[in-house]
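Novice: Chain by chain, the residues run as shown.
2 protein chains.
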Amino acid sequence: MKEKEKVRVFKIGGKVIDNESLLEQFLIDFSSVPGKKVLIHGGGKIATAISEKLGIKAVMVDGRRVTDKDTLEVVLMVYGGLINKKIVARLQSLGINAMGLSGADLNIVQAHKRPVKTVDYGFVGDVDGVNNKGLSFLLDNDILPVLAPLSHDGQGQMLNTNADTIAAVAAIGLSASYEVELFFCFEKKGVLQDQNNEDSVIQEISFSDFDQLKSSGVVSEGMLPKLENSFDCIRKGVGKVIICHFSTIKEIDAAHFPGTLLHG
Amino acid sequence: MKEKEKVRVFKIGGKVIDNESLLEQFLIDFSSVPGKKVLIHGGGKIATAISEKLGIKAVMVDGRRVTDKDTLEVVLMVYGGLINKKIVARLQSLGINAMGLSGADLNIVQAHKRPVKTVDYGFVGDVDGVNNKGLSFLLDNDILPVLAPLSHDGQGQMLNTNADTIAAVAAIGLSASYEVELFFCFEKKGVLQDQNNEDSVIQEISFSDFDQLKSSGVVSEGMLPKLENSFDCIRKGVGKVIICHFSTIKEIDAAHFPGTLLHG
Numbered sequence: 011m012k013e014k015e016k017v018r019v020f021k022i023g024g025k026v027i028d029n030e031s032l033l034e035q036f037l038i039d040f041s042s043v044p045g046k047k048v049l050i051h052g053g054g055k056i057a058t059a060i061s062e063k064l065g066i067k068a069v070m071v072d073g074r075r076v077t078d079k080d081t082l083e084v085v086l087m088v089y090g091g092l093i094n095k096k097i098v099a100r101l102q103s104l105g106i107n108a109m110g111l112s113g114a115d116l117n118i119v120q121a122h123k124r125p126v127k128t129v130d131y132g133f134v135g136d137v138d139g140v141n142n143k144g145l146s147f148l149l150d151n152d153i154l155p156v157l158a159p160l161s162h163d164g165q166g167q168m169l170n171t172n173a174d175t176i177a178a179v180a181a182i183g184l185s186a187s188y189e190v191e192l193f194f195c196f197e198k199k200g201v202l203q204d205q206n207n208e209d210s211v212i213q214e215i216s217f218s219d220f221d222q223l224k225s226s227g228v229v230s231e232g233m234l235p236k237l238e239n240s241f242d243c244i245r246k247g248v249g250k251v252i253i254c255h256f257s258t259i260k261e262i263d264a265a266h267f268p269g270t271l272l273h274g
Numbered sequence: 011m012k013e014k015e016k017v018r019v020f021k022i023g024g025k026v027i028d029n030e031s032l033l034e035q036f037l038i039d040f041s042s043v044p045g046k047k048v049l050i051h052g053g054g055k056i057a058t059a060i061s062e063k064l065g066i067k068a069v070m071v072d073g074r075r076v077t078d079k080d081t082l083e084v085v086l087m088v089y090g091g092l093i094n095k096k097i098v099a100r101l102q103s104l105g106i107n108a109m110g111l112s113g114a115d116l117n118i119v120q121a122h123k124r125p126v127k128t129v130d131y132g133f134v135g136d137v138d139g140v141n142n143k144g145l146s147f148l149l150d151n152d153i154l155p156v157l158a159p160l161s162h163d164g165q166g167q168m169l170n171t172n173a174d175t176i177a178a179v180a181a182i183g184l185s186a187s188y189e190v191e192l193f194f195c196f197e198k199k200g201v202l203q204d205q206n207n208e209d210s211v212i213q214e215i216s217f218s219d220f221d222q223l224k225s226s227g228v229v230s231e232g233m234l235p236k237l238e239n240s241f242d243c244i245r246k247g248v249g250k251v252i253i254c255h256f257s258t259i260k261e262i263d264a265a266h267f268p269g270t271l272l273h274g
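From first to last, the protein sequence lines are chains A and B. Going letter by letter, the first sequence gives residues 11 to 274 in this note's numbering. Going letter by letter, the second sequence gives residues 11 to 274 in this note's numbering.
Among the hints, erroneous ones may be present.
No copy is singled out in the list; a pair is fine if it fits within one copy or between any two copies.
[Claimed, not checked] Straight-line Cα separation of at most 25 Å, DMTMM-like style, residue types lysine to aspartate or glutamate; simulated pairs:
1) Lys-79 <-> Glu-30
2) Lys-63 <-> Asp-28
3) Lys-250 <-> Asp-219
4) Lys-63 <-> Asp-78
5) Lys-79 <-> Glu-34
6) Lys-198 <-> Glu-238
7) Lys-123 <-> Glu-34
8) Lys-123 <-> Glu-30
9) Lys-260 <-> Asp-152
10) Lys-236 <-> Asp-28
11) Lys-198 <-> Asp-209
12) Lys-79 <-> Glu-62
13) Lys-63 <-> Asp-80
14) Lys-55 <-> Asp-72
15) Lys-79 <-> Asp-174
16) Lys-143 <-> Glu-13
Simulated from the structure, these hints should not be mistaken for lab results. In this text, all values refer to a predicted model and were calculated from it rather than measured experimentally.
Hey, can you work out the whole structure from these sequences and the hints?
Specialist: Below, the structure written as structure tokens:
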């Protein structure tokens, strides 16, 4: 059987998006990563800042943005326009043939509006599927997809979707055709053994380790959904998930990559 | 010699962008136009409205937007995000595999920052070239490019560029490989003989007619740059330019298309 080609999927969010010089350095490092790759970005703080300037109050429930009609317009503007186009322009200047996409472009991420249960999240999309053929078509033509955290419902409605979720579904989708490594890049060096010690990075976590970490209460509350999401990816075909600091991806081919490796 | 395949390039702006139900109807009509096509949109009034809400004063010189750093962020948001993604989502719902692009995506429109002469237009791009190969690649894969009026300088800087200009350079670029028809769709039924009579549409204008119209003063001041731009396209290889009302494109294959046809 022919070995699958590798695709690396990177998700960035938080400080690296909010701070222009950190983003600049990340994109330089990112452009040096060899092989096929996909970039997914968030942009929550900028969306909140623009919302406030426009007099729209940002409402969060369990860390998720409630997206009314006005807020949807803000995230379309900030994620789909402002952040996405700045990243694409910078990557083009670094010699990368980048192409920005929302979930509607090429029908890349289809979703449905989240049903109202106890909370009405508004125009938030729960993902139904990813257009793997579309993503592969871009990758196989040496185009680097830069995905904004936006989906659509196929009936003309754009929807707001969490960037971690978009990264996960894209990674799972691509794993049908490629050997996929998914990198969640953020402010910390990885999953920490001790929340008060930034250097207490756990190097590897397997399924069984994860069960132990959960029962022993080592994993912080904020990290738990990220890990659940990551192990779900591994269960669904993603080869490896790496949780790492955004400044470390230049060391991507080092023998000991400085982050937390999750595997089956 | 093999006959060139036809591509129709449509530019929309003004009322059809500002009014959701007019845009909806336009996109339905547009989706029924057969064959390969490209859509270019403006969005000036919405950008002005968002600018005002954000406390940024819109400054226009000779009908062109002066684009300072804050205004650039607004046009990236409004053109690249809000309007572009709404159009793409609607077209996808109509069965069209649309793909939204700024000039940076796939390096589609390269430009340089306009040199300061008497007026400093700020982050406005004068177009250097269009990536014909990129556009053809999309068209030949049954993807419909939806271009926002944004360019980039290849060094990481996004720039604001007039939508009529983007439409013209895209049409000229594509005419190397295709038989191109360029449609400027707007509020009037075409070029008017009498500015006070909406029905006094001039059916055809040739180069020599245009010289006559200019010297006789029939053409209005606002129409003059549009016509100069259009005849420049014809000089550079575009087969036909049509100036028409946005509601008429459903009649595109009618024997007498109700607009003004410009030709060599």
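Novice: Just pull the numbers of the violated hints for me, sorted ascending.
Specialist: Structure breaks no hint.
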